[in-house]
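**Q** Below, each chain spelled out in residue letters.
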Amino acid sequence: MSDDSNNTNLIRITTGIAATVAAAVALIMPLGYFAVSYQYMVGSLETESEVSAYNISKVISANPELWRYEEVRLEELLARRKPGSQNEVRRILDERGNLVAERVGTLTPPIIKRSYPLKDAGADVGRIEISRSLNPILIRSIFVSFLGIALGTTVFITLRILPRRAINELKHAEEKLHRYARELTESNEDLKNFAYIVSHDLRAPLVNIKGFAGELSAGLAELQVLKKKCVCRYEGNDGERADEILGTDVPEALDFINSSVKRMDALINSILKLSRLGHRELKPEPVATQEMVTTILKTLTHQLEQHGTEVVVGALPELVADRTTLEQIMGNLLDNAVKYLGPDRSGRLEIFAESGADEVVFHVRDNGCGIAREDIHKVFEIFRRAGKQDVQGDGMGLAYVKTLIRRLGGRIWCESELGSGTTFSFSIPLGNARAHIVP
Amino acid sequence: MMDRPLPVTILLAEDDAGHALLIEKNLRRSGVSNKILRVDNGREAVDFLFKEGRYAGDPSPSPFLVLLDLNLPELDGGQVLRLIKGDVRTRHIPVVVLTTTDNPQEVAKCYELGCNVYVTKPVDYEQFSEAIRNLGLFLSIVKIPEDE
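Sequences listed follow chains A and B, in order. Residues in the first sequence are numbered consecutively from 1, following my numbering. Residues in the second sequence are numbered consecutively from 440, following my numbering.
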């Protein structure tokens, strides 16, 4: 499933991000600590050397010729430092670089060194040099880097778990949705099969009723022939009654049986047709609806002329949809519009379309007899017909249309005013593979 | 020819007794005088054809023709048709499918499985008789070579 590969992709990306962030945390923490500590150490070394140089310069200015021989005082000066100050090496060198005085400590490398010039009345007479070990900083940086790694790992785990959880939640929701969709499809399928089975199974007994009614008719006809040939066994009233039964009552009953069977058969066929509409496979193809409407109107020329009908066809789009289905929808609606035009005025028929962002809405407007407000919902139901039943119809046309439109993913509705006309509107969605406007 | 019983048998697989009677009456009316043997489920039809189950060792000849309803209990018409047409012993037997279904997909499926003729049982009695009569005519024509 592409969803799964999408999720795997997403997890791969978030894992990548998590790893980058975690690595950055683990690296930046010790490096940053080291950089800051190093800066601080350099700064403090510079300050210390400057302070020491200032102190020494007092000794120099007190005895500019012989200051370099006052080793004891100088060493004392070198030994003087802030409490808690680190282990360090301080050296006083003269202007030629010879060691004058020294305060020694043990330093483990790497070592950092800073010096400050010693001056006497503006002239360089030597320099003071302070060295410290970088080791403590490095050790602390390593410790910080452990912290960084721990923090980075936490970040990595969190960042990896969160999207997984989110995806699982999504998956869960999606599965639920899929289940609902499946259930809906199943119950839809059941309904279709139900209609099919009902209509199919109802026909079997009907074959018998009709067939044996025919057998009865045949038997009756044979009986009449026999009766004519032989001497009548019944006399008087009995004979007349027998004639009445065989000549009128039984044929009448058979007629009722036959006409009812015929009606029932027609109803069953209608249901069967409706259920088949739901089963038919759709083949989306580009359809020029303008052309289609024109062709359908041509087949209705005779009826249109009878009513002196003016037909206005607006600009209709080209769609990708199942051609037969669209044809049946349009055909039924146009046929209806023509069928129910008022006999007392010249007809007017308008077909136009509005293209929206995600659907096209077609309108078929007539100035026919119209439908009463309370009857509008009835027109889409099977076997129901609204208004005066003065035009032939089986009450199935709009039920078919509704089913067909639903199969294309659209919907149909109707606005009407009794006596002044009806507008049937239906939408065909563009947003899916079933139909879209051809540019 | 009408009063001389023919040695070949017609097997009518039909679960609806009324339909069976109507089919038989109309076959007789159109001049078919072969022995008609009726079974009311698909399993029995298959047992009869392959001489299995309660028909094991049955000496009666294989039927000349099978009239097969599609909606049969136990084994449906399609399954029976598949078994008949899938076995060398029975492949040659002509099968006429008789059903109320005129669903094009189902008709096509039956022909695909090797049914020889497909007759829809119409409710219209005239049409029904006509269909059965045509079938009777078809039977008379086809059986001549074997009769000689």
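Keep in mind that the hints were calculated from the coordinates and are not lab data. Errors might be hidden in some of the hints.
Below, computed lysine-lysine pairings styled on DSBU-like, alpha-carbon distance capped at 35 Å [what the hints assert, rightly or not]:
| id | chain 1 | residue 1 | chain 2 | residue 2 |
| --- | --- | --- | --- | --- |
| 1 | B | K548 | A | K262 |
| 2 | A | K192 | B | K524 |
| 3 | B | K474 | A | K262 |
| 4 | A | K228 | A | K273 |
| 5 | A | K262 | B | K464 |
| 6 | B | K548 | A | K228 |
Sample of chain A residues with no beta-carbon within 10 Å of chain B, all distances over it, derived [as the list claims (entries may be wrong)]:
| id | residue |
| --- | --- |
| 7 | G32 |
| 8 | E71 |
| 9 | L99 |
| 10 | V207 |
| 11 | F212 |
| 12 | E215 |
| 13 | L274 |
| 14 | G409 |
Computed spacing ranges between beta-carbons, pair by pair [claimed, not checked]:
| id | chain 1 | residue 1 | chain 2 | residue 2 | range |
| --- | --- | --- | --- | --- | --- |
| 15 | B | Y550 | A | D243 | 44 to 54 Å |
| 16 | A | N188 | B | R530 | 32 to 42 Å |
| 17 | B | R521 | A | E186 | 19 to 29 Å |
| 18 | B | K548 | A | H172 | 52 to 62 Å |
| 19 | A | A221 | B | Y550 | 30 to 40 Å |
| 20 | B | R528 | A | K228 | 34 to 44 Å |
We put the beta carbon where it would ideally sit given N, CA and C, even for glycine.
**Q** Which numbered conditions among the earlier hints are violated in the structure presented, ordered from lowest to highest?
**A** 4, 6, 10, 11, 12, 18 and 20
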